[in-house]
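Chains A and B, in that order, are what the protein sequence lines are. First residue of the first sequence: 1, per our numbering; consecutive thereafter. First residue of the second sequence: 1, per our numbering; consecutive thereafter.
Be aware that a few hints might be false.
Because identical chains share one entry, a pair is satisfied inside a single copy or across any pair of copies.
Said to hold, decoys possible - Below 27 angstroms or equal to it, Euclidean Cα-Cα: the simulated BS3-like pairs (lysine-lysine) are:
1. Lys212 x Lys298
2. Lys216 x Lys301
3. Lys218 x Lys298
4. Lys391 x Lys315
Hints were generated in silico from the structure; no laboratory data involved.
Single-letter residue listing:
Number of protein chains: 2
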Amino acid sequence: MLDPKHVETLKEIVGKENVYSDKAHRIAYSYDATRTRFEPDAVVFPRNEEDVSRILVYCNHHGIVITPRGAGSGFTGGALPTNGGITLAMEKHMNRILEIDMENMVAVVQPGVVNMDLQRAVEELRLFYPPDPASEEYSTLGGNVSENAGGMRAAKYGITKDYVMALRAVRPNGDIIRAGKRTIKDVAGYNIAGILIASEGTLAVITEITVKLLPKPKFRKAYMGIFPSVDNAMNAVFRSLSGGANPVAMEFMDALVVQALKEKLGIELPEDAGALLIGDVDGNVIEEVDFQLEILEKSFKENGAQDFVIAHTDKERDTLWYARRNASPSITVFGSKKLNEDISVPRSMLPEALKRIYEIGERYNFKVPCFGHAGDGNIHVNVMVDGSDEKQLEEGHKAIEEIFELVVDMGGTLSGEHGIGTSKAPFMNIAFNEAELSLFKDIKHAFDPNNILNPGKMGLPGV
Amino acid sequence: MLDPKHVETLKEIVGKENVYSDKAHRIAYSYDATRTRFEPDAVVFPRNEEDVSRILVYCNHHGIVITPRGAGSGFTGGALPTNGGITLAMEKHMNRILEIDMENMVAVVQPGVVNMDLQRAVEELRLFYPPDPASEEYSTLGGNVSENAGGMRAAKYGITKDYVMALRAVRPNGDIIRAGKRTIKDVAGYNIAGILIASEGTLAVITEITVKLLPKPKFRKAYMGIFPSVDNAMNAVFRSLSGGANPVAMEFMDALVVQALKEKLGIELPEDAGALLIGDVDGNVIEEVDFQLEILEKSFKENGAQDFVIAHTDKERDTLWYARRNASPSITVFGSKKLNEDISVPRSMLPEALKRIYEIGERYNFKVPCFGHAGDGNIHVNVMVDGSDEKQLEEGHKAIEEIFELVVDMGGTLSGEHGIGTSKAPFMNIAFNEAELSLFKDIKHAFDPNNILNPGKMGLPGV
Numbered sequence: 001m002l003d004p005k006h007v008e009t010l011k012e013i014v015g016k017e018n019v020y021s022d023k024a025h026r027i028a029y030s031y032d033a034t035r036t037r038f039e040p041d042a043v044v045f046p047r048n049e050e051d052v053s054r055i056l057v058y059c060n061h062h063g064i065v066i067t068p069r070g071a072g073s074g075f076t077g078g079a080l081p082t083n084g085g086i087t088l089a090m091e092k093h094m095n096r097i098l099e100i101d102m103e104n105m106v107a108v109v110q111p112g113v114v115n116m117d118l119q120r121a122v123e124e125l126r127l128f129y130p131p132d133p134a135s136e137e138y139s140t141l142g143g144n145v146s147e148n149a150g151g152m153r154a155a156k157y158g159i160t161k162d163y164v165m166a167l168r169a170v171r172p173n174g175d176i177i178r179a180g181k182r183t184i185k186d187v188a189g190y191n192i193a194g195i196l197i198a199s200e201g202t203l204a205v206i207t208e209i210t211v212k213l214l215p216k217p218k219f220r221k222a223y224m225g226i227f228p229s230v231d232n233a234m235n236a237v238f239r240s241l242s243g244g245a246n247p248v249a250m251e252f253m254d255a256l257v258v259q260a261l262k263e264k265l266g267i268e269l270p271e272d273a274g275a276l277l278i279g280d281v282d283g284n285v286i287e288e289v290d291f292q293l294e295i296l297e298k299s300f301k302e303n304g305a306q307d308f309v310i311a312h313t314d315k316e317r318d319t320l321w322y323a324r325r326n327a328s329p330s331i332t333v334f335g336s337k338k339l340n341e342d343i344s345v346p347r348s349m350l351p352e353a354l355k356r357i358y359e360i361g362e363r364y365n366f367k368v369p370c371f372g373h374a375g376d377g378n379i380h381v382n383v384m385v386d387g388s389d390e391k392q393l394e395e396g397h398k399a400i401e402e403i404f405e406l407v408v409d410m411g412g413t414l415s416g417e418h419g420i421g422t423s424k425a426p427f428m429n430i431a432f433n434e435a436e437l438s439l440f441k442d443i444k445h446a447f448d449p450n451n452i453l454n455p456g457k458m459g460l461p462g463v
Numbered sequence: 001m002l003d004p005k006h007v008e009t010l011k012e013i014v015g016k017e018n019v020y021s022d023k024a025h026r027i028a029y030s031y032d033a034t035r036t037r038f039e040p041d042a043v044v045f046p047r048n049e050e051d052v053s054r055i056l057v058y059c060n061h062h063g064i065v066i067t068p069r070g071a072g073s074g075f076t077g078g079a080l081p082t083n084g085g086i087t088l089a090m091e092k093h094m095n096r097i098l099e100i101d102m103e104n105m106v107a108v109v110q111p112g113v114v115n116m117d118l119q120r121a122v123e124e125l126r127l128f129y130p131p132d133p134a135s136e137e138y139s140t141l142g143g144n145v146s147e148n149a150g151g152m153r154a155a156k157y158g159i160t161k162d163y164v165m166a167l168r169a170v171r172p173n174g175d176i177i178r179a180g181k182r183t184i185k186d187v188a189g190y191n192i193a194g195i196l197i198a199s200e201g202t203l204a205v206i207t208e209i210t211v212k213l214l215p216k217p218k219f220r221k222a223y224m225g226i227f228p229s230v231d232n233a234m235n236a237v238f239r240s241l242s243g244g245a246n247p248v249a250m251e252f253m254d255a256l257v258v259q260a261l262k263e264k265l266g267i268e269l270p271e272d273a274g275a276l277l278i279g280d281v282d283g284n285v286i287e288e289v290d291f292q293l294e295i296l297e298k299s300f301k302e303n304g305a306q307d308f309v310i311a312h313t314d315k316e317r318d319t320l321w322y323a324r325r326n327a328s329p330s331i332t333v334f335g336s337k338k339l340n341e342d343i344s345v346p347r348s349m350l351p352e353a354l355k356r357i358y359e360i361g362e363r364y365n366f367k368v369p370c371f372g373h374a375g376d377g378n379i380h381v382n383v384m385v386d387g388s389d390e391k392q393l394e395e396g397h398k399a400i401e402e403i404f405e406l407v408v409d410m411g412g413t414l415s416g417e418h419g420i421g422t423s424k425a426p427f428m429n430i431a432f433n434e435a436e437l438s439l440f441k442d443i444k445h446a447f448d449p450n451n452i453l454n455p456g457k458m459g460l461p462g463v
C-alpha cells in the first residue's frame, strides 16, 4: 500500500480532485480487456505534461511504481497495475485533439484521445487516419502508440508506427523529451519515437502524439470470397497480394466461425462454405477500385473460390461486413472462455500455420476458431474452453504455448498487435534468446534505472 | 596506432587476406563524400556475421574503436574513422542479396548490397523497392539503414525506415540480435530495428536487412511546372499535397539553379523562370495517373505556374528529369565549394524558410542555390564559397549555423536524410536540449558501454 503521505504530496502536485485512493476508484481502474484485476494504490489524473513530469520526479525519487493507462482496452495486461502503485490515467484531462494541420497533413493529439474521435475529426476535413484497431471506438491514441496497434486496414495502410511522426514523452527522471518532427524526413539523433512505440509504457510516459494523415480516398467497395476450405482461402490471400493486389483489408473467417455465424446470428451462407475472405478496396478513381477487384476475383477463383461478391453501395458493404464484425462475439458457442492470441506469420506460411494450429486443437480436443487480418498475416486464434473448468484452462494454456512455439518456428511473432504485457510475458523466451532479452533489459535500464514504469511487463523484471 | 599484435589476431579471426594495415588501404578507406580524410589503423573485411561478432568481442575487450562502412558515400562523415582504429568494410564479402521472397514480398540482403542492385533485382520480378537516395548507384543498404536514407520518392513512398521489416545486428559485446520479423505486424519486445535505423553505426553492426517490397505500379508520367518565383512554387507544393495529390516525387529548383542549368548545360527554359517543380506520378491504372496530374495542374496554375508540362513517354520524361539530375553538378558556377545542408521543414513553412535562407545568404554575400525534395519538405541548401579562401569558408559555416537555427525554430530538422555524423555534430545543441542529448548518451551507453562503435559521431562523446 502507498504511504498516505505520498497521496497527500500527489494531491499537492495535481490538485486533490485529481488523486483518488478510495476503493471505488481502485476497483474502477483495476481491470483491462484481459478481465484480470489488479488494484492500484491510487489513481492520478494528470492535467498536463508538467503534472506528468512532477509526478514522475516524485515517484522516481520514492520508488513508487507507475502504470500509465489509456482506456484499459488492451488484451495483454499492459495497463494493469500488477505491482500496485499509481495508475496514471490519461483519459480525463489529457484527451484533446490539439491541432489538425491541413497544410502539412498531420494531427497533434494528447494521449487520451480516442482513436475514432480522431478518425472522425480528420475525415470531416477529407483526411484519413488509417490505423483502426477493433477497439477504435474506445481505445486511446496513447494506448495505440504504446502497443503499436494494428487493425483491419494494415494490409494496405500499415500500423500505428507507420503514422507516428513525433512524440513528446516524460522519462522517469522527469525529463521532457521531444522526439521526431512534423516532417516526413528527419534523421537527426536517435529514433526515440521508434523505440517508444510498442514499449507498453515501460520507458517513458507519452504526453503528446503527432500523426501523419493521408488524403481520404474517394472510392471504396467491399468484396467477399467464399471458399470450400481454409487452405483455399489462405492460398488466395497470398497469391492475390503477390499478384499485385493491394486491398485495404482482407479479413479471414474459418469454417468454425462460419458455423458460429450461422448458429448464433442466422447469417445465410452456402452449406459448404469452409472459409470466407471479406475486405475493402479503395482508390482515388473508380478504375483503381475495379483494378483491385479484378485481381482479387481472378486470384480467388484460381484458388477455388465458389463465389465472389462485390458490395457496390455502403448498405451492401454493411451486410458483408456484418459477418466479420460478429465473428468474435459469435464464437462463444464453442466455449464460455476464449484464449485469444493474435499470432502473425509471413503470409505465405498461413496455410501451413492454420493446418498445424487445428492439429494442436484436435490433439487437446478444443475447438480453435480462427479469424482475422489475413492480408497482413495476423490471425486471431481462439482456443475455446470451459472457463469454469480449471483443468480445461490449464490444458488450453498448454495448447497456446504449443501454438506460440509453432508460430515462432515458422518465422512469426507472439503478437501481431495486442502486445506482450503480462499475458504473453511467460512466452518471451520462446521468441527471444538470452542476448535479445538482455538487450531489452539494458534499454529498459537506460530509460528507467529505478524500474518505476510499468515493471514486470514484456518479460522485464518486476519489483 | 593499432598495436601490431591486434592486427595479427584480427588476421587469425577473418583470415590474413581480409585485414590490411598498409598505407594504400588506409588511404583508400580514409574518405567519404564530405571529402574529409581520416585514416583507419586497419581495414577489416568480415566474411560473415560470425566474423563480425568475433571482431567485436575482441575489439570490445581491448578498447579498439570500430567504424562500420558501406560505400563511404555519406555526406556527413558517418563512415569516417575519426578516431582511427578499425574500419569494418562490408562491401567486399557481405554484399549478397540473400533472398527475394515473392510470396511475402520481402527481400533479405546483406549490408554491403548496393541500393540500385536491389532495385533492379526486384523490378525484374515486377516488385518495387522505393527508397532512392541520390547515391543509389553506389550507396549500400547498410549505409542506407544506418543513415535512414531518403530520396526523391519519399513524398509518396516514405523513406528507408518505412521499408525495414527486420534486421540482424551485432552488439559490441558480440551478441547477435534478431530484430523484427517478415510480418507486417509484430509487437513483441522493444522495437530494436526502430532504434538501429539512423543510428549511424554507433549502437550495433548491422549484418542483415529484411525490407518490404511493393508491387511495381504499372503507369508513370513525369510533370514539370514553371513558376515565376520560389514563393509561387513553394505555395504550389503544399497546396497540391493538401489538396489531395500524392505525387511520387516533387522536386524543386530555384532561380539560381535555373540560371546554372542554362549557363552550364544550355538547357532551354523561359527567360523569367524563377523556379521549377519536376516530378513523377504513378498508378496501377492510367486514370489514377491522370487524376494526380489534374490536381497538380490545377494547384500549380492557381499558384502562378506559367507552364505545366506532362511527359507521356520515357524519353520525354528523361528530358524533364535531365534538369533535376544536373542541378547539383551545375551550381558549381557559383563557387568552387558548396556547403551543402539538407534541411527539412514542415511543408507549409517552405515559402517562409526559403525566403529567410536567401536573406541569410545576402547578408553574408554568398549565393545560396536551393533544390531538392519539396514534396516532403526536404531541401538541399547550398552555400557557395571559394574553397581556397579560409575566410569565406569560415563565414560560410557561420551562415550555415544561422540557417540551422532558423530551420529548427520553424519546427524543422538539421537533417532530412544525410544524418549528423561529424559534419552536423556541432549543431546538435541547436536542435536538442540537455535532456534529449542526455537520453541519446544513455541509449548509446546501453548498447555500447565501452564506446567502441563509431565514437564521437552524432554529437556523442569521442574517445
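message: One pair to classify: Lys218 and Lys298, alpha carbons no more than 27 angstroms apart. Within, between, both, or neither?
response: both (24 angstroms within a copy, 18 angstroms between copies)
- request: Have a look at Lys212 and Lys298 and pick one of within, between, both or neither, based on CA distance no larger than 27 angstroms.
  value: Between copies only: 24 angstroms across chains, 34 angstroms inside a chain, cut-off 27 angstroms.
field: Alpha-carbon proximity context of Lys391 and Lys315, limit 27 angstroms
entry: Classified as neither: same-chain Cα gap 45 angstroms, cross-chain 72 angstroms, threshold 27 angstroms.
- prompt: Checking Lys216 and Lys301: alpha-carbon separation at most 27 angstroms within a copy, between copies, both or neither?
  reply: between (30 angstroms within a copy, 23 angstroms between copies)
Violation of the numbered hints given earlier is confined to hint 4; every other hint is satisfied by the structure.
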